[in-house]
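Q: The lines below spell out each chain.
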Amino acid sequence: MSRAPSLPPAARAVLDHDRRSLARLISQVENRDRRVEPVLRALYPHTGHARVIGIAGPLGVGKSSLVNALLRHLRGMGQKVGVIAIDPSSPFSGGSVLGDRIRIDREAGDDGVFFRSMASRGYAGGIASATREVARLLDAYGMDLVLVETVGSGQVDVEIRRVASTSVVVLVPHLGDEVQSLKAGLFEIADVFCVNKSDLPGADGAARYLADMASLSPEEGGRWRPPVVTTSAIGPQGIPELWEAVLSHERFLDSDGRRADGERDRVRAEIGDLVRERFDRRLEATLAEDPKLRALVDEVLRRRIDPHAAADRVFTEIARRA
Amino acid sequence: MPRGSPKAPPIRVLIAKPGLDGHDRGAKVVARALRDAGMEVIYAGLRQTPEAIVESAIEEDVDLIGLSILSGAHMVLFPRVLKLLKQREAADVPVFAGGIIPDEDAKRLRRAGVKAIFGPGASLTEIVETARSIARHRA
Ligand SMILES: Nc1nc2c(ncn2[C@@H]2O[C@H](COP(=O)(O)OP(=O)(O)O)[C@@H](O)[C@H]2O)c(=O)[nH]1
Ligand SMILES: [Mg+2]
Numbered sequence: 117m118s119r120a121p122s123l124p125p126a127a128r129a130v131l132d133h134d135r136r137s138l139a140r141l142i143s144q145v146e147n148r149d150r151r152v153e154p155v156l157r158a159l160y161p162h163t164g165h166a167r168v169i170g171i172a173g174p175l176g177v178g179k180s181s182l183v184n185a186l187l188r189h190l191r192g193m194g195q196k197v198g199v200i201a202i203d204p205s206s207p208f209s210g211g212s213v214l215g216d217r218i219r220i221d222r223e224a225g226d227d228g229v230f231f232r233s234m235a236s237r238g239y240a241g242g243i244a245s246a247t248r249e250v251a252r253l254l255d256a257y258g259m260d261l262v263l264v265e266t267v268g269s270g271q272v273d274v275e276i277r278r279v280a281s282t283s284v285v286v287l288v289p290h291l292g293d294e295v296q297s298l299k300a301g302l303f304e305i306a307d308v309f310c311v312n313k314s315d316l317p318g319a320d321g322a323a324r325y326l327a328d329m330a331s332l333s334p335e336e337g338g339r340w341r342p343p344v345v346t347t348s349a350i351g352p353q354g355i356p357e358l359w360e361a362v363l364s365h366e367r368f369l370d371s372d373g374r375r376a377d378g379e380r381d382r383v384r385a386e387i388g389d390l391v392r393e394r395f396d397r398r399l400e401a402t403l404a405e406d407p408k409l410r411a412l413v414d415e416v417l418r419r420r421i422d423p424h425a426a427a428d429r430v431f432t433e434i435a436r437r438a
Numbered sequence: 002m003p004r005g006s007p008k009a010p011p012i013r014v015l016i017a018k019p020g021l022d023g024h025d026r027g028a029k030v031v032a033r034a035l036r037d038a039g040m041e042v043i044y045a046g047l048r049q050t051p052e053a054i055v056e057s058a059i060e061e062d063v064d065l066i067g068l069s070i071l072s073g074a075h076m077v078l079f080p081r082v083l084k085l086l087k088q089r090e091a092a093d094v095p096v097f098a099g100g101i102i103p104d105e106d107a108k109r110l111r112r113a114g115v116k117a118i119f120g121p122g123a124s125l126t127e128i129v130e131t132a133r134s135i136a137r138h139r140a
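Protein chains in written order, with our numbering: chain A, 117 to 438; chain B, 2 to 140.
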């Protein structure tokens with residue numbers, strides 16, 4: 117691909133495989149630092165190659181261990197893989213312990229893997245915007261695949277579904293609490309079910325249960341029926357089969373224009389997220405600075421106007437300025 | 002946090018335990034204390050080679066590296082981490098240490114560039130405060 121001479125240095129560095137520059141840009145994306153926007157813009161034409169695959173499921177089911185096993189499998193096939201491992205931020209301190217790297221056992225000096233831990237923070241537009249942009253940076257860097265590991269909190273998992281083209285939902289033999297998670301939306305986001313820890317008793321039963329549940333969904337209109345794969349990440353067992361299930365869903369997307377439809381939906385969602393983010397930023401600024409707001413609050417407190425009327429006035433003001 | 006917000010992004014810190022010795026209880030306690038102080042702690046776990054530690058520090062773009070060690074191999078492992086950081090043009094990422102390190106060695110490690118060293122008696126408050134003050138500041 118020819119490179120325009122006007123490419124910002126940070127963008128060129130990513131295309132030239134500079135890991136430190138890539139890592140710094142990811143931080144800027146995470147910090148929602150607007151200085152990264154020209155770099156993202158310059159890199160956008162160099163993206164669109166990497167497939168983004170989600171790995172979702174409750175804490176402790178073995179998602180990171182599966183990512184580790186998949187990395188080995190995929191590297192063996194010569195695929196370059198970026199990983200984004202998302203863990204929750206503490207709502208109290210805003211801090212976070214990101215422990216997914218513990219499970220990763222990599223070949224030293226392998227340039228074909230880039231692993232990044234990410235805290236869910238309190239993103240205004242949701243975590244999807246940051247994740248999409250980080251995935252795109254990894255794409256521009258030359259990765260063929262981006263695996264996104266997300267932990268159990270239903271909201272984050274559902275958002276990642278809007279980033280990934282295939283989502284794997286990981287569960288373990290004794291479903292117990294996970295059945296609750298299924299109700300909380302994990303079932304809806306699954307393109308592939310993975311029953312991990314098949315080295316423990318009960319995996320076959322769990323797989324049958326999931327297959328039964330999946331078969332309850334109507335087969336009409338060429339709908340996708342999520343396959344159920346059993347794995348042991350530490351064996352490892354069933355990893356090629358898991359990847360084959362992911363690929364079968366990717367092939368399904370490639371039939372009948374489904375991928376294009378999905379991408380259209382994702383771009384629409386992304387534009388919406390970014391507009392919301394811009395709006396939020398403007399709103400924050402307005403609420404912070406505007407002396408008129410103080411008067412408005414007083415009016416609400418004196419019950420001259422109600423909060424809806426006040427909100428209308430602020431909204432009109434923001435729209436006028438935008 | 003919306004883009005362009007004046008609120009400072011959280012400090013990112015890598016906590017790892019090089020060397021072959023046993024448990025990581027101390028490192029986990031420190032990791033949680035740093036989290037409770039609002040930091041994002043990338044916990045890399047046990048038996049990390051200096052090469053893996055430096056690779057993690059670069060990929061995670063951390064502002065600080067904390068290494069816990071009990072095995073007595075500190076005089077080999079720490080200088081190796083510092084040297085690799087330099088080689089990878091990441092010498093601006095400060096390193097602190099925790100563990101049982103004799104005074105004489107501690108002096109030499111400080112001279113070699115380790116920014117702070119905590120013995121088993123150090124308080125969590127002290128560790129958090131020091132971590133905050135030595136962490137790399139971003140442009
Ligand atoms: N028996 C067994 N344990 C596993 C398997 N996969 C992961 N584990 C263990 O489950 C625990 C949680 O694994 P981890 O990958 O961190 O789970 P995550 O929270 O979903 O990312 C660790 O102690 C792993 O060693 C497996 O296939 N079989
Ligand atoms: Mg994990």
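Because the hints were derived from the structure by calculation, they are not lab data. It is possible that some hints are incorrect.
Claimed, not checked - Some chain B residues near chain A, calculated using beta-carbon distances under 10 angstroms:
(1) I59
(2) K87
(3) D104
(4) D106
What the hints assert, rightly or not - Subject to a maximum C-alpha distance of 20 angstroms in a straight line, what follows is the list of computed DMTMM-like cross-link-like pairs (lysine to aspartate or glutamate):
(5) B:K87 x A:E433
(6) B:K87 x A:D227
(7) A:K408 x A:D377
As the list claims (entries may be wrong) - Now the stretches of chain B that chain A is said to cover, found in silico as 3 or more residues with beta-carbon under 8 angstroms:
(8) 89-100
(9) 117-127
This structure is a prediction, so every number in the text was calculated from the model and none was measured. For each residue, glycine too, the CB sits at the ideal point set by N, CA and C.
Q: If a hint holds in the structure, say so; if it does not, say that too.
A: Right, here's what the structure says about each hint:
1. I59: holds (6 angstroms)
2. K87: violated (13 angstroms)
3. D104: violated (31 angstroms)
4. D106: violated (27 angstroms)
5. B:K87 x A:E433: Roughly 52 angstroms between the alpha carbons, so the hint for K87 (chain B) and E433 (chain A) is violated.
6. B:K87 x A:D227: holds (19 angstroms)
7. A:K408 x A:D377: It is violated: about 45 angstroms lies between the C-alpha atoms, which goes past 20 angstroms.
8. 89-100: Holds, because 3 residues of the region 89-100 of chain B bring their Cβ atoms closer than 8 angstroms to Cβ atoms of chain A.
9. 117-127: violated (count 0)
Going down the numbered hints, you'll see the structure goes against 2, 3, 4, 5, 7, 9, while the others check out.
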